[in-house]
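Respectively, the protein sequence lines represent chains A and B.
Reading the first sequence from the start, the letters are residues 792 to 1211 in this note's numbering.
Reading the second sequence from the start, the letters are residues 338 to 750 in this note's numbering.
Hints should not be assumed to be uniformly reliable.
[To be verified] Calculated pairs, DSSO-like style, for lysine-lysine (alpha carbon to alpha carbon, straight line, at most 27 Å):
| hint | chain 1 | residue 1 | chain 2 | residue 2 |
| --- | --- | --- | --- | --- |
| 1 | B | Lys543 | A | Lys1011 |
| 2 | B | Lys710 | A | Lys1011 |
| 3 | A | Lys1013 | B | Lys710 |
| 4 | A | Lys1008 | B | Lys611 |
| 5 | B | Lys577 | A | Lys1139 |
| 6 | A | Lys1008 | B | Lys577 |
| 7 | B | Lys482 | A | Lys940 |
| 8 | B | Lys482 | A | Lys1016 |
[Claimed, not checked] Examples of chain A residues lying across from chain B (beta carbon under 10 Å, computed):
| hint | residue |
| --- | --- |
| 9 | Arg874 |
| 10 | Thr882 |
| 11 | Met888 |
| 12 | Gly912 |
| 13 | Ala914 |
| 14 | Tyr916 |
| 15 | Tyr1015 |
| 16 | Arg1019 |
| 17 | Asp1057 |
| 18 | Leu1060 |
| 19 | Val1103 |
[Unchecked claim] To give a feel for the contact side, a few chain A residues facing chain B, derived at Cβ under 7 Å:
| hint | residue |
| --- | --- |
| 20 | Lys867 |
| 21 | Glu875 |
| 22 | Arg880 |
| 23 | Lys1011 |
| 24 | Ala1046 |
| 25 | Gly1048 |
| 26 | Trp1186 |
| 27 | Ala1198 |
Simulated from the structure, these hints should not be mistaken for laboratory data.
For every residue, glycine included, the Cβ atom is placed at its ideal position computed from N, Cα and C.
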Amino acid sequence: MNKRLRHFRTNMLIFLAVVGPGIITANVDNDAGGIYTYSVAGATFGYSLLWTLLPVTVALIVVQEMVARMGVVTGKGLADLIREEYGFRTTFFLMVMLLIADLGNTISEFAGLASGMSVIGVARYIAVPLGAVLVWVLVVHGTYRSVEKIFLVACLFYIAYPISCFLAHPQWTNALEGTVVPYVRSGSAYLYMIIGLVGTTIAPWMQFYLQSAVVEKGVKIKDYKLSRWDVIVGCIMTDVVAFFIIAACAATIFASGHRSIRDAGDAALALRPLAGRAASYLFAFGLVNASIFSASILPLATAYYVCEGLGVESGVNKSLREAPAFYSLYTAIVAIGALAVLLLNEQKQVPIILLSQVINGILLPFVLIFMLRLINREDLMGDYRNNRTFNIIAWVTCVAMIVLTLALVVSTFFPTKITV
Amino acid sequence: MIHFTELEHLPVYDVKGEYLGQLDELCVDPSQNALRIALYLVKSPNKTVLRIPYDQVQSISMLAAQTTVPAASLMVHAPDEGLLRVKKDVVDQQIIDVNHRKVVRVNDVDFDIQPSDGHAELRIMSASVGLAAAVRRLLQGTMAKHRIRALTSLLPSKNIPWEFVNLIEPDSSRRVKLRISYERLSELHPADIADILEELSRDEQKALVEGLDDETAAEVISEIPTELQAALLESLPAEKAADIVEEMPPDEAADVLQEMPPETSAEVLADMEKDEASEVRSLLGFEERTAGALMTTEFVMVGEDARLEGVIAALRNFEGKLEAVHMIYLVDAGATLTGVVPLAQILLADSSTPLKDLSMDPLISVEAHTNEKRVVDLFHKYNLVALPVVDDKSHLIGVVTADDVLEVVVNHD
């Protein structure tokens, strides 16, 4: 018994040493933009879109598992591998586009922070600078381990959504039915919503971040199985949270007659008369947490892979003096993201965020195809290449993601009013 | 000087001026000459790759290259592991800049054109890593070469002379063929080599450790975090791992073996010399986070009646690290610890003084199961540099030194 206990303890310790990158990366997917999309889906279509979460989870797992595997086996970041295989120029343009895309994303994170805090009654002129400073200090003064621990705690705060959802008293049977029974209906609005839900799932930067984080963590090949669980648990967590967000909005905003919501903070406000003050605050708290969390990881990831790809020293473990380019880039992205929200009104932020979405959509095919080609290289991956079956699944998934993401890009230029 | 970015895709003509194709790759044959380009690979319009030996290149410049022989006498190239390929093995890859002690990624490679009777030779001069080289890569092929030159000459460039470039090749047989040695690298301070090591991927780390001699490898490995030590040693053949562990101080050897899976550490222990293995084994028995787990078994011990000459004899026979000789430990006939004398004190005193009289007062020691926190407190309170560890019968079994304590303190922060 004692021996078994000890065995269990050792396994737990190894798991804790491996866990992190997968869970963190997947959770950042539920950022301000994600929460808004889910809120709109629940508010306008009730429980009828919940079924999309299952295939989305599978797709997310398939893609993220491959990057984590590449990180563990090669010990190199994705940007490193792309640079070694496809040369400087390709890498450079990839990095520049990612930088622009992520700048846009960072702006929307800070906008989400402002909108979440306004529900609690804090003006954005206080919330945004405070958030930016917090995020900056965290990374500049942290080591990889301490930063990761804080990020993992941030993942736990997503519990705010399930609680908020329980307070909203959704009809659980309807919700479960909506999750397992695909409900297809015609109408461009419904189709747009599906594209929105799926298209925001896999962003190019996530692949770079996950692989670099796995590398920095130093996961050994023999512990790879645990790393895979890290990815799987993370992806499931993410979509469980998405489920609760959709269900909460379906139970309240949708059930009470239709309401359009402008941003995720709006959704929190709309919950108040229907599900009570607590549910509304929890929803807003979740948004604030998600925004700060994503606002620290996105610039971090961007700085990471840009430095990696261009061969400049990077890493949270390095000091300011050892990796000046890395920290300057990180600081600039945080500062520009925060300043844009403070100085530009919403009308002016829209084109930037649109641009970043378009660039994300254009980049994703490249990143996924590079990824699939790299992971099938024998000299890099050896026995850890994709097998035939997995390759078919992976290609189908990636092509589907590419098509839906491009569809999302196209749809942003031809907005239809979502009405039912 | 000419850059690889200016040579890639260069049109190549044969002796009669007939177009052969584009220059695709430059190869060095390290078994012949470490700097000279031995082979020029040319991609012909029908996609075959022709090889031109260095002595058949009549001229080469930014504009074109010409051979000394007709097209018909050129052979088709077959891959050869023993050749160093500039484009494939150097450009865009990570190398170690031995001079600046860091790992960098190569943007471009610089050559020197040297006329040699009847033909022109290219010699590798340096690897470029700076901004100028990056811009050259970006602009390559988009505008005239002299324009790119003029433009990039305004930018800061950073070249690593080839003699300071250490290539990293994970495949050990290819490393031998390419004559990659880590001789220059092993002259650096082990802590610097350790920093370089931590920058690399696991296969590359393995390659580097395999390329170092056992003693240097042990010193380098002692400088990296324990988990990484274990992962690295596990990836090596047990025999090589044993050779390296033998060279490590016994306390660190025990720490790293404890971190490995039991089967692997047993294998390593079995491959070690008997004496070293039993020393390490005795340390493995101690509970984590105790004085026993921290201590080393390398220390200088003499009988309590000894005098200066006895100490000198003991020091001459001592095989451990020099840091371990600051304190001399006195034991009685039954191996019970009776005193501790600083080496400096012995040197300052009269050579006939019995060591017993120089002993520090009070005699501070701990038992092996003492918690490491208590050990740290004692070091702090009494300003110790070393602390003897005894078993339940007061027999001296080891010594905790200040560097071990520093590690505990730093890691707990």
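The hints, checked one at a time:
Our distance criterion of 27 Å between C-alpha atoms is met by Lys543 (chain B) and Lys1011 (chain A), whose separation comes to about 13 Å. Restraint check for Lys710 (chain B) and Lys1011 (chain A): the C-alpha separation of about 31 Å exceeds 27 Å, so the hint is violated. Among the hinted pairs, Lys1013 (chain A) with Lys710 (chain B) is inconsistent with the structure: their alpha-carbon atoms are about 33 Å apart, more than 27 Å. A distance of roughly 36 Å separates the Cα atoms of Lys1008 (chain A) and Lys611 (chain B); the hinted pair therefore is violated under the 27 Å criterion.
Restraint check: the Cα-Cα separation between Lys577 (chain B) and Lys1139 (chain A) comes to about 63 Å, which exceeds 27 Å; the hinted pair is violated. With a C-alpha separation of about 26 Å, the suggested pairing of Lys1008 (chain A) with Lys577 (chain B) holds against the 27 Å cut-off. Proposed proximity of Lys482 (chain B) and Lys940 (chain A) is contradicted: the alpha carbons are some 51 Å apart, above 27 Å. The hinted pair formed by Lys482 (chain B) and Lys1016 (chain A) fails the criterion: a straight-line CA distance of about 51 Å is larger than 27 Å.
Checking Arg874 (chain A) against chain B by beta carbon gives a least distance of about 6 Å; that is within 10 Å, so the hint holds. Of the supplied interface hints, the one on Thr882 (chain A) holds, with its beta-carbon coming within about 8 Å of a beta-carbon of chain B, less than 10 Å. Given hint, Met888 (chain A) at the interface with chain B, is violated; its Cβ is 14 Å from that chain's nearest Cβ, farther than 10 Å. Checking Gly912 (chain A) against chain B by beta carbon gives a least distance of about 39 Å; that is not within 10 Å, so the hint is violated.
A distance limit of 10 Å between C-beta atoms decides the matter here; for Ala914 (chain A) the minimum to chain B is near 38 Å, and the interface restraint is violated. For Tyr916 (chain A), the interface hint is violated, the least distance from its beta-carbon to any beta-carbon of chain B being 37 Å, above 10 Å. Restraint check, Tyr1015 (chain A) versus chain B: the minimum CB separation of about 12 Å is more than 10 Å; hint violated. Restraint check, Arg1019 (chain A) versus chain B: the minimum CB separation of about 18 Å is more than 10 Å; hint violated.
Contact between Asp1057 (chain A) and chain B, as hinted, is not supported at the beta carbon level, the nearest pair being about 44 Å apart and thus beyond 10 Å. A least Cβ separation of about 44 Å between Leu1060 (chain A) and chain B goes past the 10 Å threshold, and the interface hint is therefore violated. A hinted interface residue such as Val1103 (chain A) counts as satisfied when its beta carbon comes closer than 10 Å to some beta carbon of chain B; here the least separation is about 9 Å, so the hint holds. Given the 7 Å rule on beta carbons, the hint for Lys867 (chain A) holds: about 5 Å separates it from the nearest Cβ of chain B.
A distance limit of 7 Å between C-beta atoms decides the matter here; for Glu875 (chain A) the minimum to chain B is near 5 Å, and the interface restraint holds. Proximity of Arg880 (chain A) to chain B holds as hinted, the smallest CB-CB distance being about 6 Å (cut-off 7 Å). Residue-level restraint check for Lys1011 (chain A) holds (minimum Cβ-Cβ distance to chain B is 5 Å; threshold 7 Å). Among the interface hints, the one on Ala1046 (chain A) is violated; its C-beta lies about 53 Å from the nearest C-beta in chain B, farther than the 7 Å criterion.
Below 7 Å, beta-carbon pairs count as interface contacts, and Gly1048 (chain A) has none with chain B, the closest being about 57 Å; its hint is therefore violated. Here the hint on Trp1186 (chain A) is broken, as its CB sits about 27 Å from the closest CB of chain B, past 7 Å. Because the closest C-beta pair between Ala1198 (chain A) and chain B is about 33 Å apart, greater than 7 Å, the hint is violated.
This entry does not satisfy hints 2, 3, 4, 5, 7, 8, 11, 12, 13, 14, 15, 16, 17, 18, 24, 25, 26, 27, going by the numbered hints stated previously.
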